[in-house]
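Residue numbers (the numbering used here), protein chains in the order written: chain P, 1 to 241; chain Y, 1 to 241.
Zero decoy hints are in this set.
Which copy? The list can't say, so a pair holds if one copy fits it or any two copies do.
Simulated crosslink set (DSBU-like; lysine-lysine; CA at most 30 Å straight-line):
no., residue 1, residue 2
1, Lys-68, Lys-90
2, Lys-68, Lys-146
3, Lys-68, Lys-160
4, Lys-146, Lys-190
Hints are computed from structural coordinates only; laboratory data are not their basis.
Listed below, chain by chain, are the residues.
2 protein chains.
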Amino acid sequence: MAYELHYWPTIPGRGEFVRLALEAAGADYVDVARGSGKGQGIAATLRRMNAPALVQPPFAPPFLVHGKRTIGQTAAILLYLGPRLGLVGKSETSQVWTHQLQLTIADAVAEAHETHHPIATSLYYEDQRHAAVQRAKAFRELRIPKFLDWFETVLARNPKGSQHLVGARLSYADLSLFQLVDGLLYAFPKATARAMKKTPHVAQLHLSVPRNARLAAYLASQRRIAFNEEGIFRRYPELDG
Amino acid sequence: MAYELHYWPTIPGRGEFVRLALEAAGADYVDVARGSGKGQGIAATLRRMNAPALVQPPFAPPFLVHGKRTIGQTAAILLYLGPRLGLVGKSETSQVWTHQLQLTIADAVAEAHETHHPIATSLYYEDQRHAAVQRAKAFRELRIPKFLDWFETVLARNPKGSQHLVGARLSYADLSLFQLVDGLLYAFPKATARAMKKTPHVAQLHLSVPRNARLAAYLASQRRIAFNEEGIFRRYPELDG
Numbered sequence: 001m002a003y004e005l006h007y008w009p010t011i012p013g014r015g016e017f018v019r020l021a022l023e024a025a026g027a028d029y030v031d032v033a034r035g036s037g038k039g040q041g042i043a044a045t046l047r048r049m050n051a052p053a054l055v056q057p058p059f060a061p062p063f064l065v066h067g068k069r070t071i072g073q074t075a076a077i078l079l080y081l082g083p084r085l086g087l088v089g090k091s092e093t094s095q096v097w098t099h100q101l102q103l104t105i106a107d108a109v110a111e112a113h114e115t116h117h118p119i120a121t122s123l124y125y126e127d128q129r130h131a132a133v134q135r136a137k138a139f140r141e142l143r144i145p146k147f148l149d150w151f152e153t154v155l156a157r158n159p160k161g162s163q164h165l166v167g168a169r170l171s172y173a174d175l176s177l178f179q180l181v182d183g184l185l186y187a188f189p190k191a192t193a194r195a196m197k198k199t200p201h202v203a204q205l206h207l208s209v210p211r212n213a214r215l216a217a218y219l220a221s222q223r224r225i226a227f228n229e230e231g232i233f234r235r236y237p238e239l240d241g
Numbered sequence: 001m002a003y004e005l006h007y008w009p010t011i012p013g014r015g016e017f018v019r020l021a022l023e024a025a026g027a028d029y030v031d032v033a034r035g036s037g038k039g040q041g042i043a044a045t046l047r048r049m050n051a052p053a054l055v056q057p058p059f060a061p062p063f064l065v066h067g068k069r070t071i072g073q074t075a076a077i078l079l080y081l082g083p084r085l086g087l088v089g090k091s092e093t094s095q096v097w098t099h100q101l102q103l104t105i106a107d108a109v110a111e112a113h114e115t116h117h118p119i120a121t122s123l124y125y126e127d128q129r130h131a132a133v134q135r136a137k138a139f140r141e142l143r144i145p146k147f148l149d150w151f152e153t154v155l156a157r158n159p160k161g162s163q164h165l166v167g168a169r170l171s172y173a174d175l176s177l178f179q180l181v182d183g184l185l186y187a188f189p190k191a192t193a194r195a196m197k198k199t200p201h202v203a204q205l206h207l208s209v210p211r212n213a214r215l216a217a218y219l220a221s222q223r224r225i226a227f228n229e230e231g232i233f234r235r236y237p238e239l240d241g
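Pulled out of the complex, with its shape left as it was, chain P reads as follows (with noise of 0.2 Å):
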């Protein structure tokens, strides 16, 4: 039974991470807001999520559909995914442990989108400029390097070497690591160049996630969305420094 994924078509942002662990799985699935065929596109998605007879309805996209599961929320639709797909330890205290470093990417992630919207996702970024400014300035200066050393610290310790946050095989915390590093290089080039210096277990995921041969195929693919100035990790010169 195909996965059923659902997000806005025109942004990597939050859907780029489920997106990520069905193609380095090989998952059979269907981008549904992005097709063009029958029952796609983005209506059908907006269509699917506010159905009135949903029962569990999702608060925002992404969300998955399976079956007769609707599932909202990145972390919680890696939570799922993750067994199923090979893409997480089959020990509880794996699974905690991915989960754990996943929401820790969440919160850089949501942290990265805060850098051009602090005031409100409902104005324009021209609009909320001046705070911006701002606000980018302490995320480049603190939040950046305290995410990246932390993940350092979690590389230079896993018992099973430093190639994978957990264990000895790729997880799905690896592949949201290598796309919010690879986020953060487009957004802030010079900061996040910077503070990746000290972290070179973190540089060194990143150039090696993508050479899994699944996944060098999909980042070379039309499939892969490009980093834009309407997703989450957008390169406004004046945000970096």
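Mind docking chain Y on chain P? Use the hints.
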């Protein structure tokens, strides 16, 4: 084996979501940073968090220590505690759905914090008050109604009745929604009261959860920390409307 909860000792903050679960279940736990005994106090918590030998270090408090496990991230702690404390259903569907609710509550909590710290957590409120006033306006007018409306929909659609978010029994998501609403009523009394007129099931849950015998005893005890202006939910009259 007693649970150890580690969290900042003077604010309810994110630790309170864990505390409510432990209290509602009558669990044996030690609130480490608030204790004055041997191995207790905030220094003990920080020492534990920063121990170089910790293979799975928490990013920040709250974290839970249970035997050899150390688990950070509020939602991950509740994911772990839920089945152990009888505060979540047994099926995977029920557990993933309850977790999805918790993650949406966490998003609302983070946004509530942003209202008084839209620029940087490292700066004083007074130094970002101007941006805070703007951010709080959008939060009051758009986000509080959006979050509460979604929880209202979830309660209204629960096939087992609108007393609980999931199924027919108390879950950690109910406890957390109680705490979110309690915090919103503290920080934004006018705006929250206005929004709650349209969400009668949410208002009812906020009244019924504290009638639980164990919770009523807890809420009347010294163990319950009052909301205050060092925490996530702060009452600054200029931010309410």
